[in-house]
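Undergrad: Based on the provided sequences and hints, a complete structural model is requested.
Top line first, the protein sequences correspond to chains W and S.
Take 3 as the starting number for the first sequence in the working numbering and just add one per residue.
Take 15 as the starting number for the second sequence in the working numbering and just add one per residue.
These are calculated hints, taken from the structure and not from any lab test.
This structure is a prediction, so every number in the text was calculated from the model and none was measured.
Glycine included, every Cβ here is placed at the ideal spot set by N, Cα and C.
Check the hints yourself; a few may be wrong.
Computed footprint of chain W on chain S; a stretch qualifies when at least three of its residues, placed anywhere within it, have a C-beta under 8 Å from a C-beta of chain W [as the list claims (entries may be wrong)]: (1) 60-73; (2) 120-134; (3) 303-314.
Here's a subset of chain W near chain S, in silico, CB distances under 10 Å, partners left out [unchecked claim]: (4) Lys-13; (5) Ile-14; (6) Trp-16; (7) Thr-22; (8) Lys-24; (9) Leu-26; (10) His-140; (11) Ser-196.
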Amino acid sequence: MAQLEKERKRKIRWQDLSLTAKVLIEVILMTVIMFTANVVMFVQVNRMAAGIGQVYESNVGLGELAAALDEVQNGTYNYLLVKTSDSLEKYYKSEEEFRSLLDRLNSRVMENPVMLLERNIRITAESYLTETEAAITHKRGRNVEKYRESFENAQKLYEYLNSYIYELNDQQFSDNSQSFLAVQSEIRSLAVISMVLLVIMMGVSILMLFFMVRGVVSPLSNLAVTAKYVGEGDFNIKMPQNDSLDEVGVMTRAFNTMVSSLEEYMNLTRENMEKEQRMKEKELLMEAHLKEAQLKYLQSQINPHFLFNSLNAGAQLAMLEDAEQTSIFVEKMADFFRYNVKKGSEDATLCEEIEAVENYIYILNVRFAGDIHFYKEIDESVMETRVPSMILQPVVENAVNHGIRNIDREGEIRLSVTREKEQGGCILISVKDNGKGISQETIDRIMEGRSPKKREDVSEGDSTGIGLYNVISRLELYFDRKDLLEIISDGEDKGTEVLIRIPDHR
Amino acid sequence: MPQKKPLRIELVLMSISVLIFGGFLVVVFFYFGKVYGQDSSEDAELNREYSYHYEMIVGSSNTALWEDVYEKAKEDAAAENALLTLRKADWNREYDKNDYVDMCIAAGADGIILEYNGEAGLAEKIDEAAEKGIPVVTIMNDPNKSARLSFVGVNDYQMGQAYGASVAELVNENTKDVLILSNREKELEKNQMYARIYNAIQEKVGEGSGISVKEQNLISKSQFDVEEAVRNIFQSTDGPPEILVCLDEVTTECAYQAMVDYNMVGEVSIIGYYASDVIMDAVDKGLIPVTISMNADQIAEYSIEALTEFTEIGRTNAYYTVDLLITNNRQGSNGTA
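TA: See below:
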């Protein structure tokens with residue numbers, strides 16, 4: 003991974019450059035190309051212009067040379083004619099100028115006609131100047147014959163020189179015309195080439211700009227579309243993967259990360275909300291059941307505190323009158339109802355539950371002259387196990403009201419609390435009677451929580467009013483588990499067993 | 015992935031533009047390099063520097079011969095590091111040979127090759143040049159009283175012998191007139207040519223045969239006089255001579271053309287001079303029986319040799335004899351010394 007990263011760092015790819023850098027590189031490239039092309043054209047055109055300049059320069063130079071030659075010839079003639087110092091001075095001046103012009107001419111032997119003519123002019127001019135010098139000298143020495151001869155010679159050479167200059171001018175003009183034509187054709191070709199280059203460069207620049215802008219805009223458009231979908235709640239949609247390091251790549255990856263995070267966050271929130279909702283529902287349900295149980299109990303108990311106090315007062319009175327049996331009865335009754343009221347909204351230990359059942363049975367036995375035979379078999383180790391309150395008493399009440407009441411034989415109720423030995427086992431609470439039994443249909447009805455007879459049961463004066471379904475519901479809510487309560491009956495007159503399984507948290 | 019594509023296209027476009035630009039530079043520099051390169055290669059040939067400058071001055075009567083001589087001589091001179099230029103005293107020049115010699119002297123030539131035909135004052139000019147240390151090689155004729163360095167050519171005796179032999183061969187019983195058309199100054203009139211031809215005829219037919227041998231000099235006529243003079247000969251009341259001896263190229267071509275124009279093929283036999291294309295064509299067709307010429311290559315070679323030797327060691331041969339080439343329809347060319 004690190005290797006890869008290193009390699010990537012070493013090799014800078016085009017897509018890794020920032021947009022600014024890309025734009026700069028492209029603009030600089032095109033500008034440099036255009037600039038250089040212009041400079042090249044400029045230099046070439048200048049070169050050609052210089053060529054054209056040379057064309058005229060050479061002709062101008064020859065004109066000067068011819069003029070200087072005339073001056074020398076005139077100077078010589080004037081001196082020979084009037085012999086003034088002024089004309090002599092003019093002669094020397096013009097001679098000097100003529101010589102300086104001659105120095106520019108070629109003196110080497112070359113086949114090039116221009117060069118050869120220049121050489122001829124230069125050497126002939128030297129001969130000519132020798133003759134003019136001689137003429138002047140002889141004139142000063144008044145050697146008439148000699149100066150005439152020299153002047154004649156000079157005149158002849160002057161004609162030759164003019165002839166040469168004319169020929170050279172002609173030759174140069176002819177050469178220069180060719181050069182001029184060549185230069186003209188070059189300029190035309192250069193113009194065409196340059197124009198083609200500029201047009202191509204313009205096209206390429208436009209294309210480059212188009213693709214560059216598209217490279218920036220198209221991810222943005224994609225992003226806008228994707229953002230719209232994400233905004234509508236579709237977190238599955240992502241921007242296409244992009245590993246470039248430029249702004250577009252960075253933005254694309256940031257966007258994708260954002261969408262992923264958003265999705266995770268949304269899922270988490272949804273889960274939490276669902277969980278919370280479930281808990282709330284459970285709480286509400288629990289509360290509703292409790293409320294229902296309490297309401298039903300309260301409906302059957304008018305001012306229980308007043309009743310407990312009254313019962314306590316009764317118990318004390320019975321003690322005073324030595325009626326011990328009555329005193330115990332009244333006390334147990336008081337305890338039973340107190341438990342009922344006190345534990346209505348809390349859970350309780352199994353010990354407390356069993357005690358409540360014993361009190362209830364005692365009360366009933368007093369009422370019904372000891373008709374109910376109650377047996378219990380308790381594993382003392384589970385006494386502190388916590389269970390929802392008021393679960394055993396309603397079961398026992400059911401066994402009394404619907405099991406052993408109105409039977410001809412002696413009614414029996416057996417309560418057993420045992421602990422399964424294996425690890426992770428349950429605490430088994432069994433309430434078994436030898437009463438009328440119960441049909442499977444009724445069992446199903448009870449388990450499903452629908453009871454057409456319920457209303458009648460509740461209206462019976464001696465019920466605590468807490469139905470079996472209520473017990474099942476509260477057990478399930480408390481332990482957050484199903485199938486904690488089971489009703490077993492072998493049929494008519496074969497008794498009923500209600501079996502409660504409580505998770506054992508050893 | 016889709017974003018990558020446009021980015022790469024940009025790179026491709028950039029590469030394309032760089033390539034096109036490179037192409038532009040290559041084209042521009044290659045094109046102009048070629049143009050200037052051509053210039054410079056031509057210049058290199060033209061701008062070669064030579065140590066010596068020789069001049070060749072010729073007249074207008076042997077155009078093809080002088081062209082051939084000049085081409086060869088120029089090559090030979092270049093091999094000796096000398097430049098040879100040609101000055102032709104023909105119709106479009108305002109100067110004659112004297113002027114040209116003057117000009118060559120004034121221009122400091124290192125040597126002059128001069129066609130000498132006895133022009134007035136030309137021998138003095140040769141002397142003047144010699145005085146100024148400029149060697150002059152004469153060709154065609156030898157101004158033997160002048161201070162010329164060397165003569166390259168055939169002397170009149172040899173030339174007369176060759177022409178005489180050719181004339182003698184053509185002489186028959188019908189021959190009455192033989193006309194020699196020369197192109198020389200009067201100074202050279204009394205030369206061996208006439209005598210040699212005359213003697214040859216005499217030897218062939220014996221004395222008192224009545225064959226008239228005449229010479230007509232065409233020099234000092236103005237530009238187109240040669241042609242007119244030749245036509246006059248053909249139109250004369252006595253009729254043209256049976257044998258017409260031409261001593262230069264232009265005269266030969268004029269005579270040949272006049273003979274064809276006046277339908278006198280077979281009546282007039284022309285002995286020509288030099289082997290120009292026109293003359294050789296006529297010889298091939300049998301219209302001109304024989305033409306005599308000097309070996310142009312030898313003229314060129316010896317002239318340059320003379321000038322080079324003089325320039326290098328200060329002296330050279332006074333005479334260089336070149337071969338004469340006699341060309342006729344039957345036997346092609348053969349040379350006589």
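Undergrad: Each hint: holds or not?
TA: Results of checking the hints against the structure:
For the stretch 60-73 of chain S, the assignment as covered by chain W holds, since 8 residues bring a beta-carbon within under 8 Å of that chain's beta-carbons and 3 suffice. Counting residues of the stretch 120-134 of chain S whose CB lies closer than 8 Å to any CB of chain W gives 3, which reaches the minimum of 3, so the coverage claim holds. Judged by the Cβ-Cβ criterion of 8 Å, the stretch 303-314 of chain S is not covered by chain W as claimed, because only 0 of its residues qualify and three are needed. Proximity of Lys-13(W) to chain S is violated relative to the hint, the smallest CB-CB distance being about 14 Å (cut-off 10 Å).
Evaluation of the Ile-14(W) hint against chain S yields a violated restraint, the C-beta minimum of about 12 Å exceeding 10 Å. The interface hint given for Trp-16(W) is met, as the beta carbon of that residue sits about 5 Å from the closest beta carbon of chain S, less than 10 Å. At about 15 Å, the closest approach between the beta carbon of Thr-22(W) and any beta carbon in chain S exceeds 10 Å, and the interface hint on this residue is violated. Given the 10 Å rule on beta carbons, the hint for Lys-24(W) holds: about 7 Å separates it from the nearest Cβ of chain S.
For Leu-26(W), the interface hint is violated, since its Cβ never comes within 10 Å of a Cβ in chain S; the closest pair sits about 13 Å apart. Proximity of His-140(W) to chain S is violated relative to the hint, the smallest CB-CB distance being about 19 Å (cut-off 10 Å). Taking 10 Å as the C-beta contact cut-off toward chain S, the hint placing Ser-196(W) at the interface holds, the least distance being around 8 Å.
Against the hints set out earlier in the document, violations occur for numbers 3, 4, 5, 7, 9, 10.
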